[in-house]
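**Student:** With these hints in hand, go ahead and build the complete structure from the sequences.
2 protein chains.
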Amino acid sequence: MNDNNIVDIFLNPKSVAVIGASKNMLKGGYRILSNLVLNNFNGKIFPVNPNATGKLYGLEFKKSVLDIEEEVDIAIFYVPNQLIPKLLEECVKKGIKGAIIETSGFEEVGEKGLELSDQILEITDTFSKIRIVGPNCMGLTRIDSDSNKENKSGFFTSFLVFNEYKRGNIAIISQSGMLNGGYFTHVVTKYPNLGFRYICSIGNKMDLSEIEFLDYFLNDTDINVIAMYLESFKDPRKFINLCKKAKSMPDKTIILVKGGLTSQGQSSSLSHTAALSENFKLTEGVIKQSGIIQARNFFELFEFARTFSMLYKSKKILPKRGYLAQVFGSGGAGTISADLTMQYGLKLPILGEKAYSALVELFPPWMPPNKFAFVDIWPAMEKAMTNSKNPRDVIRSVYNILLEEPEIEGIFNMLFCSKQFRAVNDVNNLIDIISTYPKPVFLYLVGEFEETRQISQQLGKNNIPSFSNLEDMVKNFQILIQESKNKSN
Amino acid sequence: MNDNNIVDIFLNPKSVAVIGASKNMLKGGYRILSNLVLNNFNGKIFPVNPNATGKLYGLEFKKSVLDIEEEVDIAIFYVPNQLIPKLLEECVKKGIKGAIIETSGFEEVGEKGLELSDQILEITDTFSKIRIVGPNCMGLTRIDSDSNKENKSGFFTSFLVFNEYKRGNIAIISQSGMLNGGYFTHVVTKYPNLGFRYICSIGNKMDLSEIEFLDYFLNDTDINVIAMYLESFKDPRKFINLCKKAKSMPDKTIILVKGGLTSQGQSSSLSHTAALSENFKLTEGVIKQSGIIQARNFFELFEFARTFSMLYKSKKILPKRGYLAQVFGSGGAGTISADLTMQYGLKLPILGEKAYSALVELFPPWMPPNKFAFVDIWPAMEKAMTNSKNPRDVIRSVYNILLEEPEIEGIFNMLFCSKQFRAVNDVNNLIDIISTYPKPVFLYLVGEFEETRQISQQLGKNNIPSFSNLEDMVKNFQILIQESKNKSN
Numbered sequence: 001m002n003d004n005n006i007v008d009i010f011l012n013p014k015s016v017a018v019i020g021a022s023k024n025m026l027k028g029g030y031r032i033l034s035n036l037v038l039n040n041f042n043g044k045i046f047p048v049n050p051n052a053t054g055k056l057y058g059l060e061f062k063k064s065v066l067d068i069e070e071e072v073d074i075a076i077f078y079v080p081n082q083l084i085p086k087l088l089e090e091c092v093k094k095g096i097k098g099a100i101i102e103t104s105g106f107e108e109v110g111e112k113g114l115e116l117s118d119q120i121l122e123i124t125d126t127f128s129k130i131r132i133v134g135p136n137c138m139g140l141t142r143i144d145s146d147s148n149k150e151n152k153s154g155f156f157t158s159f160l161v162f163n164e165y166k167r168g169n170i171a172i173i174s175q176s177g178m179l180n181g182g183y184f185t186h187v188v189t190k191y192p193n194l195g196f197r198y199i200c201s202i203g204n205k206m207d208l209s210e211i212e213f214l215d216y217f218l219n220d221t222d223i224n225v226i227a228m229y230l231e232s233f234k235d236p237r238k239f240i241n242l243c244k245k246a247k248s249m250p251d252k253t254i255i256l257v258k259g260g261l262t263s264q265g266q267s268s269s270l271s272h273t274a275a276l277s278e279n280f281k282l283t284e285g286v287i288k289q290s291g292i293i294q295a296r297n298f299f300e301l302f303e304f305a306r307t308f309s310m311l312y313k314s315k316k317i318l319p320k321r322g323y324l325a326q327v328f329g330s331g332g333a334g335t336i337s338a339d340l341t342m343q344y345g346l347k348l349p350i351l352g353e354k355a356y357s358a359l360v361e362l363f364p365p366w367m368p369p370n371k372f373a374f375v376d377i378w379p380a381m382e383k384a385m386t387n388s389k390n391p392r393d394v395i396r397s398v399y400n401i402l403l404e405e406p407e408i409e410g411i412f413n414m415l416f417c418s419k420q421f422r423a424v425n426d427v428n429n430l431i432d433i434i435s436t437y438p439k440p441v442f443l444y445l446v447g448e449f450e451e452t453r454q455i456s457q458q459l460g461k462n463n464i465p466s467f468s469n470l471e472d473m474v475k476n477f478q479i480l481i482q483e484s485k486n487k488s489n
Numbered sequence: 490m491n492d493n494n495i496v497d498i499f500l501n502p503k504s505v506a507v508i509g510a511s512k513n514m515l516k517g518g519y520r521i522l523s524n525l526v527l528n529n530f531n532g533k534i535f536p537v538n539p540n541a542t543g544k545l546y547g548l549e550f551k552k553s554v555l556d557i558e559e560e561v562d563i564a565i566f567y568v569p570n571q572l573i574p575k576l577l578e579e580c581v582k583k584g585i586k587g588a589i590i591e592t593s594g595f596e597e598v599g600e601k602g603l604e605l606s607d608q609i610l611e612i613t614d615t616f617s618k619i620r621i622v623g624p625n626c627m628g629l630t631r632i633d634s635d636s637n638k639e640n641k642s643g644f645f646t647s648f649l650v651f652n653e654y655k656r657g658n659i660a661i662i663s664q665s666g667m668l669n670g671g672y673f674t675h676v677v678t679k680y681p682n683l684g685f686r687y688i689c690s691i692g693n694k695m696d697l698s699e700i701e702f703l704d705y706f707l708n709d710t711d712i713n714v715i716a717m718y719l720e721s722f723k724d725p726r727k728f729i730n731l732c733k734k735a736k737s738m739p740d741k742t743i744i745l746v747k748g749g750l751t752s753q754g755q756s757s758s759l760s761h762t763a764a765l766s767e768n769f770k771l772t773e774g775v776i777k778q779s780g781i782i783q784a785r786n787f788f789e790l791f792e793f794a795r796t797f798s799m800l801y802k803s804k805k806i807l808p809k810r811g812y813l814a815q816v817f818g819s820g821g822a823g824t825i826s827a828d829l830t831m832q833y834g835l836k837l838p839i840l841g842e843k844a845y846s847a848l849v850e851l852f853p854p855w856m857p858p859n860k861f862a863f864v865d866i867w868p869a870m871e872k873a874m875t876n877s878k879n880p881r882d883v884i885r886s887v888y889n890i891l892l893e894e895p896e897i898e899g900i901f902n903m904l905f906c907s908k909q910f911r912a913v914n915d916v917n918n919l920i921d922i923i924s925t926y927p928k929p930v931f932l933y934l935v936g937e938f939e940e941t942r943q944i945s946q947q948l949g950k951n952n953i954p955s956f957s958n959l960e961d962m963v964k965n966f967q968i969l970i971q972e973s974k975n976k977s978n
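Just so you know, the sequences run in chain order A and B. Under the working numbering, think of the first position of the first sequence as 1, with each following residue one higher. Under the working numbering, think of the first position of the second sequence as 490, with each following residue one higher.
These are computed hints drawn from the structure, not numbers from a lab. There's no promise every hint is true.
16 Å max Cα-Cα, derived EDC-like pairs, lysine to aspartate or glutamate [to be verified]:
(1) A:Lys27 x B:Glu871
(2) A:Lys461 x A:Asp432
(3) A:Lys371 x A:Glu407
(4) B:Lys964 x A:Glu471
(5) B:Lys908 x A:Glu164
Just so we're clear, the structure is a prediction, and the values are computed from it rather than from any experiment.
**Tutor:** See below:
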């Protein structure tokens, strides 16, 4: 069986056994079973626990996988580590193709754990008899249909309860269970419009690793963005080659947070996933050769993933040179933004004659527009209002002028969010203009916190990224340039 | 009159005239008058407008300041720029001590504005007859009592409506009106427990500048944190000297965002406040000699201000060496945090024998604690629960052990926020322990977005900083070390 086939079985099994399933609501085995059932997994589920009897969710407990009459694709383990070898032997005997071992207490705890790992190697005949995801992970997730839909569905094997999710074009590969647990919950409640297709918590990656999953996602046309957290590279050479392959694909972006960049981080990762992190220079080399986007932390990882997810969904053109225009209503914020823009290698160019003349028409004579692409829009709005014209038309005109300018590849627009100013802002008007052009427009939202949240979500639904920190906005535009350079190399 | 006296009159006037006050709700002059009246300004208010008659809020309109019989301390201008010279002459004649000119259209718009500035210089006899704040600003704010109190009060002269505010130990000096407007609204709705005392929008700072206000706040014992946005230094020498004075004061911290660090930013600031930004090297020199904390953007400015505000209010000791402990429930987040900690010059030290032995007692034998100060608390929690002990006591013990360790100067604690886990987290228990010790503890919150918001506010009320981005947490601890170095130099 080739690796893509086995990954396909792990992510799309027809039947699963939950070893360690439990009626006790405090146990992880209960939550795994609940996640599968309540999220309408479209395959068969067999709860396995020698100490349990009767049924849960109408499913009968089996004492052992060997008592299951039908075929089983995948076994999910949530039992104490010492029990694994014997149970895994039974899985081999049963002909189960793969095991997701969520239990911890292997290489990462030292000598005793290493003995267990050796036993697993022997039982599986170095993974020739059965393939392994984990151990020490939080399982795999596949999202088929959004949680707020009546026919919500997917394959959920984390031992953390999943209530909210949306299907989308992002896949996650992670050595931190958090990304198929607490942090995932954070991301989906923070960005309710952000959609995911797969989340793969690969833990100690004793067998399957980032390599097989990455390869699979490169071949999956549903996936545009692959977001990764790694503490070590299983096979740097293969990793680089897969990333290089992604560079030649116009609709794939890979973003990586690498843990263990410092000696302190390495000590941590050793006790976490037993990862022997590469030294910083090697990591730097792998990332450079891979031509992928590096994020510094989980926050950045998901903000970057959101940006690319939206960009692909809205079919915007990747900016190449970093020439953009700023439309700001605050000179102070505009100045800081102009500074940051330059610090990140972006540029607010001098406007062409035609564009400048068109802007001059909109502005009062005592407050002409700047000659470079920094538009303080208020004087133009005031002029319109004084002449009883609709300020929306000014916004529309300014956007048209800037986005028609060939040199300009995108816009940063500051929006003051206040219930009082809803009519003036007219977010729908903005969304309408932005959707007309293939150039990316990013919004910087200030004002009442709840109003910024609401507008951010309204924009999010329309795949327009918004930020509450200027520097985040600039960084997220900068990575587009970086990615377009990756793609053209 | 010395400068502190005139600043005192500007910030605490007994009577003000609002020149340009209006009954038209769309005009800034209406909003300035409303802000004063509705926020219970404790002085006299005189609306002035030659075209208005009758009363507003029971206050009778005057045609000119010369029609006011009583003494007037401060005139607030919100009229077209061309009208200012004549009206300012009347103020001088009336013996008004200071004018806050919010109108724009002076040096920042070029030649015509420069003529106006020259006229003002002449009329005021270079500010010897009357002192000026502005022009091109959003006024001054003094907060006496919180907006949610029945006796809410203060002195509010911005032309943007102020509904929410809290009195506190922060003063703002800003060349961006945003900080006495839209961004201030953002900050107070984002951090509802963050309190401010004064906000000074100084605009083009034709007369009074950061110098006079900074000097005043250094002498005001209510103020611990001075947050500034400057596009230029009015008098670098004086600025450095005042900052050096602050270094010798144990309860003052100055944080600065400097706009115009790049040529692009300089072009922006020129059209904003007519600021001729210093070149980058000079700015760098001023900041270095000043020994103040530099922030890169508004987001950082207020996050840093919040951290110091809380630190002073809770009387925590500034860490000196950057030795801290991490208490994390996620190995992945812990690894990234350990990396960032090291990248920012902080250290997770090896634990002393006593502390380590005490931790070992709490952990199961198959999962002993790390020898360095990175505690993955889950195995200890699980052990407690298995033995029917309260997991709160484990958290308390871990904190006690770490905070009693002489070398450790603070803690980073990750908290998974979920309605399900409220009992386990027991935030009140945490607050109680953290308040017992003088060492700062920062929390990293992940989980359900709304739950993180709520816990963040609960912590905020108790002056415990929390973050949703690891790197922000690390940066905010790093500036404490920086400030303690500033203070000891």
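**Student:** A separate judgement is required for each hint: does it hold in the structure or not?
**Tutor:** Hint check results:
no., hint, result
1, A:Lys27 x B:Glu871, "holds (11 Å)"
2, A:Lys461 x A:Asp432, "holds (13 Å)"
3, A:Lys371 x A:Glu407, "holds (14 Å)"
4, B:Lys964 x A:Glu471, "holds (15 Å)"
5, B:Lys908 x A:Glu164, "holds (14 Å)"
The earlier numbered hints are all upheld by this structure, with none contradicted.
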